[in-house]
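In the numbering used here, the protein residues as written are 893 to 1719.
Everything labelled a hint here was simulated from the structure, so no lab data went into it. Remember, it's a predicted structure, so these values are computed and weren't measured experimentally. No residue lacks a Cβ here, since even glycine has one placed at the ideal position from N, Cα and C. Check the hints yourself; a few may be wrong.
Unchecked claim - When the alpha-carbon atoms are kept at most 30 Å apart in a straight line, the in silico DSSO-like pairs for lysine-lysine are as follows: (1) Lys1537 / Lys1622; (2) Lys1712 / Lys1652; (3) Lys1101 / Lys997; (4) Lys1120 / Lys1173; (5) Lys1677 / Lys1622; (6) Lys1712 / Lys1653; (7) Lys1444 / Lys1409; (8) Lys953 / Lys993; (9) Lys1653 / Lys1622; (10) Lys1101 / Lys1022; (11) Lys1653 / Lys1677; (12) Lys1022 / Lys1002; (13) Lys1537 / Lys1712; (14) Lys1677 / Lys1712; (15) Lys1409 / Lys1537; (16) Lys1120 / Lys1167; (17) Lys977 / Lys953; (18) Lys1652 / Lys1677; (19) Lys1173 / Lys997; (20) Lys1101 / Lys993; (21) Lys1622 / Lys1652.
Unchecked claim - Listed next, with one range per pair, are the computed distances between beta-carbon atoms: (22) Tyr1399 / Val1288: 49 to 55 Å; (23) Ala1427 / Gly1670: 38 to 44 Å; (24) Ser1532 / Glu1200: 15 to 21 Å; (25) Gln1194 / Pro1530: 52 to 58 Å; (26) Glu1500 / Arg1385: 24 to 30 Å; (27) Glu1088 / Thr1307: 36 to 42 Å; (28) Asp1614 / Ala1427: 17 to 23 Å.
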Amino acid sequence: MRISLNWLRELVDIAMTPEELADALTMAGFEVEEIEDRRTWADGVVVGKVISRDPHPNADKLSVCQVDIGADTPSTIVCGAANVKANIYVPVATIGTYLPKIDLKIRPRKLRDVPSEGMICSLAEVGLEKDSDGIHIFPHATLQVGSDARPLLGLDDVVLDLTSTANRADALSMVGVAREISAITGATLRLPEIAESSVQPESVVLSVKVAEPQACPIYIGTLIENLKIGPSPEWLQRRLQAAGTRSINNIVDITNYVMLEWGQPLHAFDFDRLKSETGSKTLTIGVRFAHAGETLTTLDSQTRTLTEQTLLITANDQPVALAGVMGGETTEVYGDTRNLMLEAALFDSAAIRRSARSQGLRTEASARYERGVNQVELSVACRRALQLFSELAGGVVGVQAIADATAGQAAATRTIELRLERVNQVLGPIDLSTDDLSPVSSTKDTDDETIGELQAEDIERILAALGCSLTPAAQEHVWTVTVPPYRYRDLEREIDLIEEIARLYGYNNFCDTLPSKTEPGYLTVEESLTRNLRAALRAVGLTEVMHYSLVKAEAENQITLANPLFVEYSALRTELLTGLIDAFQYNLEQGNGSLNAFEIGRVFWREEDGLNETDIVAGIMGGDPGQGRWVRSGREQPMSWFEAKGMLESVFVRLGLEVEYQPDRRNSQLHPGRTASLWVRGSRLGTFGQLHPSLRQQRGLPDEVYIFEMNLDVILDQLDQDTLLAPTFKPYSTYPPSDRDIAFFAPMQVSVAELERLIKKAGGSLLESVELFDEYRGENVPEGKRSLAFRLVYRAGDRTLTDEDVEPIHQNVRDALIEKFSVVPRS
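Required output: the full structure, derived from the provided sequences and hints.
Put into structure tokens, the structure is as follows:
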């Protein structure tokens, strides 16, 4: 909100400079984003009187003026404005003046051979308007020539651009900011004096009927007659302009002025247009939610289709305005308006938020209603507007109709118990060396003369400055605090009062304290192991990606949101593979090649026993793994099963995991004959396999794409082993190995992993490694079998092995294979 200091000084005494005030407000939680010093816009601009005006001898559109600026002799100024004439008072930029808004410094110069000693200014040249048709002419009958023109232009002001937090609805008004400054500085607060208005009771001419009292607890409709539409007085235009609001006419300006002053939005309807719209001499103003399909043309000339969430103001049940958001075009105030109905209402914050969102609108009025306006001062703002209508537009107050669902109920008040002990426990000690910066005084409580605690009188003084009333409780240093009505929405608990005390005392006046015992920061075991996993996946060439946890609701076991923003993000994901496939496809379509990537994220699903979640690591691999294709004449070669499996194996080797592969057909997204489940020490780790051909063709992906999905908790449990966290060093053998090959026909249903596991068990401690180096299916191989060849490496750490050492063990391996899997040896 833009705050004019000239306006603010009428409400509260300010002895600070603008910079000091901005710093005080910022430290109190109201960030001042900009200080707009308007005094610099026209520094050097004075009041001048045009004595004579003659045509320029060398230009048809220029005039040569003699202007009295209070000097010994009149100044000759060449002016190009069409509205310049003799005997008018104008703002004149004298020689040496710098006008920052147009980046111009005034110097003596010649215009078409005629010297010019200054410039007669328009409002655009001093920064008050974007464009001006001519120079500005002061309306005053007489002025002191040579005097500073800034007070007459409203440029003797400083404007603060203030941002308040969402809970401080009261700060969206000049009165609210004045109260805050009064509390911070202890200055006297002067609220405007508002006289009681003499109104006539509700009659058939005007009545109010609210169908939705929860959405609109209070509605006040007042008829003002015999108004005179015209420009607002200069002081009102300046205040609106400083606040960033365009002046329209005295009627509309008054409603905007009261909103800025008290934070209460008002709306003026043309009363005669309301009656014409309904075709009736009697008028019933209503508040209801729209019916689906209704339309309304708003003040911005947009015809809006209404929804059942849109709250409406109606005249004899016909829509005339979006309640609390924007008025209707057919009933707006215009140049011939003579009678109007003033709306002053209290709307529910949630109802206005939903209504404004349903129409994609956000206005100054809706922003205030969404945060919450002060119910107690609703009638005050209404009377203030009626007073200004009478003073500035000659209006006569007539019938007033009120619908008040809160009638008979107690005023909105709240009492909170506050303990001095709790205040000091939360806020800690204060620094007495900077106590002169605070409006309160504190006493010392420790041996350190610069350390103290907040005392009872300090608490009472701060909260009284906020407008709270305190009543001592039965216990010592405990109060019952009554919150003022304008702070009812944000002061709800004891901790809220403690925050206010800290804010007004000054956060920088509290001591910096550290915990008595500290320890260096460290990563948890889970985080450290997860980082190792990420590093291993990156090391094999996979790029980490991240996707939203919200997806489109498609499966029965998905957990859906009750109030989603979009249909596409209405449920929680149950797996990561779909997102990775989408990313892979998107990169191909954008010409970026295959995306070999992994993701670590959480998945969610619903079961009969409730809701579940777990962390998953998944990845996708495909495309041509080669960097150059010269030897293949430019042809791409898809990644093979063994290349993809090798990348995953490299990850497991780096992590120290021994993973086994077993055939698997459970995932419908994967090729049924090229999919394996992953197992580690008897626990199922996840799945690895090739993307199903039908899904690959549907997505337009390369010939072979591989994906894996593993349970992160299982990985971390396996990595969290002493042998892996702190591995024991085993010395390398200095003796040569002895290798043997073994080949045999094995049944097709027996996996290589099962064969390797048995060979290692039978080989004992001397068997160093087992490697499959040949597989053959076809001619000379018995039906239902395949030919496999393994290379076994034996090695001892204390001697060179002889044939007598190796052959018995090697024969033991042969016998074990024949006995368990009925293999037929070939060698």
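Evaluated hints:
no. : hint                          : in the structure
1   : Lys1537 / Lys1622             : holds (28 Å)
2   : Lys1712 / Lys1652             : holds (14 Å)
3   : Lys1101 / Lys997              : violated (62 Å)
4   : Lys1120 / Lys1173             : holds (22 Å)
5   : Lys1677 / Lys1622             : violated (40 Å)
6   : Lys1712 / Lys1653             : holds (13 Å)
7   : Lys1444 / Lys1409             : violated (49 Å)
8   : Lys953 / Lys993               : holds (25 Å)
9   : Lys1653 / Lys1622             : holds (20 Å)
10  : Lys1101 / Lys1022             : violated (44 Å)
11  : Lys1653 / Lys1677             : holds (23 Å)
12  : Lys1022 / Lys1002             : holds (27 Å)
13  : Lys1537 / Lys1712             : holds (27 Å)
14  : Lys1677 / Lys1712             : holds (15 Å)
15  : Lys1409 / Lys1537             : violated (50 Å)
16  : Lys1120 / Lys1167             : holds (20 Å)
17  : Lys977 / Lys953               : holds (13 Å)
18  : Lys1652 / Lys1677             : holds (22 Å)
19  : Lys1173 / Lys997              : violated (62 Å)
20  : Lys1101 / Lys993              : violated (51 Å)
21  : Lys1622 / Lys1652             : holds (19 Å)
22  : Tyr1399 / Val1288: 49 to 55 Å : holds (52 Å)
23  : Ala1427 / Gly1670: 38 to 44 Å : holds (43 Å)
24  : Ser1532 / Glu1200: 15 to 21 Å : violated (59 Å)
25  : Gln1194 / Pro1530: 52 to 58 Å : holds (55 Å)
26  : Glu1500 / Arg1385: 24 to 30 Å : violated (40 Å)
27  : Glu1088 / Thr1307: 36 to 42 Å : violated (30 Å)
28  : Asp1614 / Ala1427: 17 to 23 Å : holds (21 Å)
Hints 3, 5, 7, 10, 15, 19, 20, 24, 26, 27 from the list above are not met by this structure, while the remaining hints are.
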